[in-house]
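Below, each chain spelled out in residue letters.
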Amino acid sequence: MNAVVEEHHDHDHKPTGIGRWLFSTNHKDIGSMYLWFAFTMFFIGGALALLIRAELFQPGMQIVEPEFFNQLTTLHGLIMVFGVIMPAFVGLANWQLPMMIGAPDMALPRMNNWSFWLLPAAFGLLLASLVMSIMGLGSAPNFGWTFYAPLSTTYGPDSTDYFIFSVHLMGISSVMGAINVIATIMNLRAPGMTYMKMPIFVWTWFITAYLLIAVMPVLAGVVTMMLTDRNFGTSFFDAAGGGDPVMFQHVFWFFGHPEVYIMILPAFGIVSSIVPTFSRKPLFGYSSMVYATASIAFLSFIVWAHHMFTVGMPVAGELFFMYSTMLIAIPTGVKVFNWISTMWRGALTFETPMLFAIAFIFLFTMGGFTGLMLCIAPADFQYHDTYFVVAHFHYVLVTGAAFSIMAAVYFWLPKWTGNMYDEKLGKLHFWLTCISANVLFFPMHFVGLAGMPRRIPDYALQFAEFNQIASVGAFVFGFSQLIFLYVVIKCVRGGEKATDKVWEGAHGLEFDLPSPAPFHSYTTPPVVK
Amino acid sequence: MRAVTRPLGLVCLLLASSPTLAEYQLNLEPGVTITSQNAYDIHQIVMWICVVIGIVVYGVMTYSILTHTKARGHKPATFDDNLTVEILWTVIPVLILIGMAIPATSALLAMEDVSDSDMSIKVTGYQWKWHYDYVGEDVSFFSNMNTPMEQIKNLEAKGENYLLEVDNKIVVPVDQKIRFLFTSNDVIHAWWVPAFGVKKDAIPGYINESWARIDEPGIYRGQCAELCGANHGFMPIVVEAKSEEDYLAWLGEKKTAQAAAAESGNKVWTMDELMAHGETAYNTSCAACHQVGGEGLPNVFPGIKGSAIATGDVAKHIDVVVNGVAGTGMQAFGAQLNDADLAAIITYERNAWGNNAGDMVQPSEIKAAR
Numbered sequence: 007m008n009a010v011v012e013e014h015h016d017h018d019h020k021p022t023g024i025g026r027w028l029f030s031t032n033h034k035d036i037g038s039m040y041l042w043f044a045f046t047m048f049f050i051g052g053a054l055a056l057l058i059r060a061e062l063f064q065p066g067m068q069i070v071e072p073e074f075f076n077q078l079t080t081l082h083g084l085i086m087v088f089g090v091i092m093p094a095f096v097g098l099a100n101w102q103l104p105m106m107i108g109a110p111d112m113a114l115p116r117m118n119n120w121s122f123w124l125l126p127a128a129f130g131l132l133l134a135s136l137v138m139s140i141m142g143l144g145s146a147p148n149f150g151w152t153f154y155a156p157l158s159t160t161y162g163p164d165s166t167d168y169f170i171f172s173v174h175l176m177g178i179s180s181v182m183g184a185i186n187v188i189a190t191i192m193n194l195r196a197p198g199m200t201y202m203k204m205p206i207f208v209w210t211w212f213i214t215a216y217l218l219i220a221v222m223p224v225l226a227g228v229v230t231m232m233l234t235d236r237n238f239g240t241s242f243f244d245a246a247g248g249g250d251p252v253m254f255q256h257v258f259w260f261f262g263h264p265e266v267y268i269m270i271l272p273a274f275g276i277v278s279s280i281v282p283t284f285s286r287k288p289l290f291g292y293s294s295m296v297y298a299t300a301s302i303a304f305l306s307f308i309v310w311a312h313h314m315f316t317v318g319m320p321v322a323g324e325l326f327f328m329y330s331t332m333l334i335a336i337p338t339g340v341k342v343f344n345w346i347s348t349m350w351r352g353a354l355t356f357e358t359p360m361l362f363a364i365a366f367i368f369l370f371t372m373g374g375f376t377g378l379m380l381c382i383a384p385a386d387f388q389y390h391d392t393y394f395v396v397a398h399f400h401y402v403l404v405t406g407a408a409f410s411i412m413a414a415v416y417f418w419l420p421k422w423t424g425n426m427y428d429e430k431l432g433k434l435h436f437w438l439t440c441i442s443a444n445v446l447f448f449p450m451h452f453v454g455l456a457g458m459p460r461r462i463p464d465y466a467l468q469f470a471e472f473n474q475i476a477s478v479g480a481f482v483f484g485f486s487q488l489i490f491l492y493v494v495i496k497c498v499r500g501g502e503k504a505t506d507k508v509w510e511g512a513h514g515l516e517f518d519l520p521s522p523a524p525f526h527s528y529t530t531p532p533v534v535k
Numbered sequence: 003m004r005a006v007t008r009p010l011g012l013v014c015l016l017l018a019s020s021p022t023l024a025e026y027q028l029n030l031e032p033g034v035t036i037t038s039q040n041a042y043d044i045h046q047i048v049m050w051i052c053v054v055i056g057i058v059v060y061g062v063m064t065y066s067i068l069t070h071t072k073a074r075g076h077k078p079a080t081f082d083d084n085l086t087v088e089i090l091w092t093v094i095p096v097l098i099l100i101g102m103a104i105p106a107t108s109a110l111l112a113m114e115d116v117s118d119s120d121m122s123i124k125v126t127g128y129q130w131k132w133h134y135d136y137v138g139e140d141v142s143f144f145s146n147m148n149t150p151m152e153q154i155k156n157l158e159a160k161g162e163n164y165l166l167e168v169d170n171k172i173v174v175p176v177d178q179k180i181r182f183l184f185t186s187n188d189v190i191h192a193w194w195v196p197a198f199g200v201k202k203d204a205i206p207g208y209i210n211e212s213w214a215r216i217d218e219p220g221i222y223r224g225q226c227a228e229l230c231g232a233n234h235g236f237m238p239i240v241v242e243a244k245s246e247e248d249y250l251a252w253l254g255e256k257k258t259a260q261a262a263a264a265e266s267g268n269k270v271w272t273m274d275e276l277m278a279h280g281e282t283a284y285n286t287s288c289a290a291c292h293q294v295g296g297e298g299l300p301n302v303f304p305g306i307k308g309s310a311i312a313t314g315d316v317a318k319h320i321d322v323v324v325n326g327v328a329g330t331g332m333q334a335f336g337a338q339l340n341d342a343d344l345a346a347i348i349t350y351e352r353n354a355w356g357n358n359a360g361d362m363v364q365p366s367e368i369k370a371a372r
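These protein sequence lines are chains U and A, in that order.
Residues are numbered in my numbering as their position in the first sequence, beginning at 1, plus a constant of 6.
Residues are numbered in my numbering as their position in the second sequence, beginning at 1, plus a constant of 2.
Excised from the complex, chain A in its bound form:
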């Protein structure tokens, strides 16, 4: 251990004058659920057992390195076997392992028991965002990272929650057993909030379960933990835990807002409205691949700026956006966005960045094309 920590300690000393020393988080956080606290406890137990074994093993070895040397004229012994110690160092580890297995088993059984939950939230992974569906509540929405591209590209100062902030966070009540159901629309993702001790893969064709009962109100942040493509590092999770009343108030507001959004698909929009809404919706749902300027990424994601689809037949353009393109990364956005969003995005794509197709698409046309 000493050989390991010595160089590290040196470097740490060198950096000790840095004012950001408080940022050096060394250990797991205990978190705010019984699952995360169990994980923390078992982590501490096993880690300290390893440290003690390490001190003994490395201590013996270091003693031998320092004293049993040719330089000190130590004459080598000739033994090469000793049944007693060999039995001892097989049996003692077995006992230590049994000692670890008992608390580990009870913690695992507790964390895998999803029965008697108070509410359920279905979490669906998409490249590269999360979709949340409050089961039985008629509330569902996408949650995208909203750290500005300028911060990522180092053009402006990074905010406090750089890469760990979203446009729509999920809100949950404290002190209720929340069951999470995980699945995916495309590749495998993993939903992880360290403070809850919940990490579960979201797998296409599967529904996984996990649960959390949050002790304290607060905002908790996490990230996708399974490599899911180019923007794997940019699909964070933000959960706000509130009291029961605050949660219900939020749920009511969310329902009203979603009803209003659905209604927006029935009116006729002006070009300016479509372009304004289209820019926002495009930047949220499309820019991760096609880029804010519509130029795409060469050989990975095609550009929209000047593309045949965005400047050609409208029906084809609508088809591509609504139904996706099989066998490519282009998803079927018809299942993800409402008529107004889709109409605005398509209109925006046809008229931004010098595409100037001049036409606009109304939500009613999307409805007809579905």
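The following block holds chain U by itself, in its conformation from the complex:
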């Protein structure tokens, strides 16, 4: 098998040099570019976060001006959401989906190329505004990643128009990526792979792609309304012109809440792939996992205003959004219970991917608990816009989504490169990351409950101690990621050869392929029983 594939490999029309990447239509090369792009953005967004934490290390303004602080929080949020988590998941989808369903490549390879190459353009625009700000040529976006009108419209800096076009490009990129995922899954599955036989990662991405197609146009709509408000005299969000600033929030969160699940459903798929592998036991409740994912996706469209309890909705609206949000706890709980049941009475081993997956289950569940607390409207009036919320969504997005991405990279890296990564360094990376993430984010619950609002550059003295602890955690967390970078580079360059199966308990079509996987994954489709 190996020899045949190698021979075939030589006959690939694989361009060399820069052209291989610029004009690539190969799912693996594009997947790698997505992942490296996300990794680069992770360090840029992380550097901004470290500046924020350095400023918040103690009360008083030490390092940056309040105006620049707002630019830091805004760009940190935008970069981490749109530049790290989303592209990393698309990169994983690109690498894994064709291999997992027994296809040679993605269904729409040229569109795949375009959807990647829009991203550097989008983030070039966004980061250009930061560079200009540092050079003293104007302010970068400074209205928070949620860019509420009228702060972002009437009162937005000139660079807001850069931001708007950047978001447009990201949206086009995401929608094309999603179309590609759906087309691939619907058309290129191996004979015999019915929908209910698809690997769970494929399922979660399938559902995520529908969410993307449903809500990215809504985001594009809201930034277009901003654009015309700012430049063409409309008043969608300007009360003085008969518009409605609260409508902005409704439209934004109609995008924003499904967006939250776009950033977590693929993570569920990853954890559902890793836990059975290292438990040496099949995934518990496969079909209930699928139904739970679909339920979460459906509910995500009818809960958006729980982000807006304080805007002054009618009480009936508040009750509706509180109840609908509470319902999400049920399918999410089912998932957690399923993972634990998968581990129950297995034969567990604790390689780095499994460690990250277990930490995901522990810590994502923490984020789930605080999410349940936040949905209780009368209590949310106290939590809203405090560090309690910051703690909540960092538990979900860092120790949730980002941990799942790290787990996925360790899990599939041997398949991608043909080499095992350095297990010792991987474990070191895990323990440093896991401990420091908790030192960083856990105290935020306390300062939030004690009354510290989010997005403030300076704070009252009673919040000082926990902020200091969080900042220490942040720096350990940030610098620990350099180990991750080193482990990945080391593994790409060489190392102990990986077997085709890679892991003792591995299942799935990608583990039937040789390691490293051939350039065109399955040129003849395997038959799934």
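Since the hints were made in silico from the structure, they are not lab data.
Careful, some of the hints might be misleading.
Claimed, not checked - Using 16 Å as the maximum straight-line C-alpha spacing, the simulated EDC-like pairs for lysine to aspartate or glutamate come out as follows: (1) A:K72 <-> U:E510; (2) A:K257 <-> A:D135; (3) U:K203 <-> A:D135; (4) A:K155 <-> U:E71; (5) U:K496 <-> U:E510.
Every value quoted in this text rests on a predicted model; they were computed, and no experiment measured them.
Fit chain A to the supplied structure of chain U, relying on the hints for placement.
Frame of chain U; chain A shown alone:
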């Protein structure tokens, strides 16, 4: 939970020798209104339910991690389905959620019932200060943070209420149902006093409502809770709750003082008076953007020191300050300040920091320009 708290506990132990240990507030405060107490109660209920669920879930998981390992030679089972437990762990959470929803609903209905209030205060958010209007009482004023810039820039020691102190606090009576009306003059702000459990967005073009009946006299502090621009972190709220008589006495004093301030617009001021009053008023109303030294913030807020407006035509200068500049952060201060304040500020801006225009502006000129 253990995996979460262990590292934190370690750090806490390391810092336990610190003398400021008493500052570590871990939980929500119950506050002094029925709304905040309801919020506290429901918070406690839901949090402890989550803790119990967490102990069970994490306990099972930890047990599995410790015992069902390959290292211990555990042979993996092969089951991958069990309808009974799946039904159980769907139905039990539903029941728990219903148990949470019942007290949450009654607390929410109570906090949203603003009927039968005894008095109303209209709160307007501005970048970056609050304006309070005692409806029907002819008393209204701005409330600015008055923490000195030196403390923020670490040039002097920080005071006890660092960033949570204002020049004009609002005074309210205890044991009365106070209705707050919220709106904004520019961007969205949110008025939050944790001890009252009141957090409501102040939105341009909207009037939101909330209420509080304060149980105990005291001074209560809060902050703006919605990102509203550069100085979002510097627009605190201070409320003093007093007995009915003390409140009425304060209201009387405030009325007299406001009448006197209005009167000050009718007299002719000397240059020295204008400059002295101008410095104070400038530092309160203008320095947040244009800075105490008038230099502004490059590319964000223009400087006044040496600017064409402050050294050129007086009428243009008055127009900019009174009517604002459309499409920029420069507000129309004519709606916020009285004639004397505006005259003093403009005079000060024209003569401070080496601007030396030499002219002065009288309150009567402002009145004419309005």
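Verification of the supplied hints:
1. Distance hint between K72 of chain A and E510 of chain U is fulfilled; the C-alpha atoms sit about 11 Å from each other, no more than 16 Å.
2. For the suggested pair K257 of chain A and D135 of chain A, the alpha carbons sit about 12 Å apart, so the restraint of at most 16 Å is met.
3. A distance of roughly 66 Å separates the Cα atoms of K203 of chain U and D135 of chain A; the hinted pair therefore is violated under the 16 Å criterion.
4. For the hint linking K155 of chain A to E71 of chain U, the alpha-carbon distance of about 10 Å falls within 16 Å, and the restraint holds.
5. Only pairs whose Cα atoms come within 16 Å are accepted, and K496 of chain U paired with E510 of chain U is rejected, the gap being roughly 23 Å.
In this structure, the earlier hints numbered 3, 5 are contradicted, and the remaining ones agree with it.
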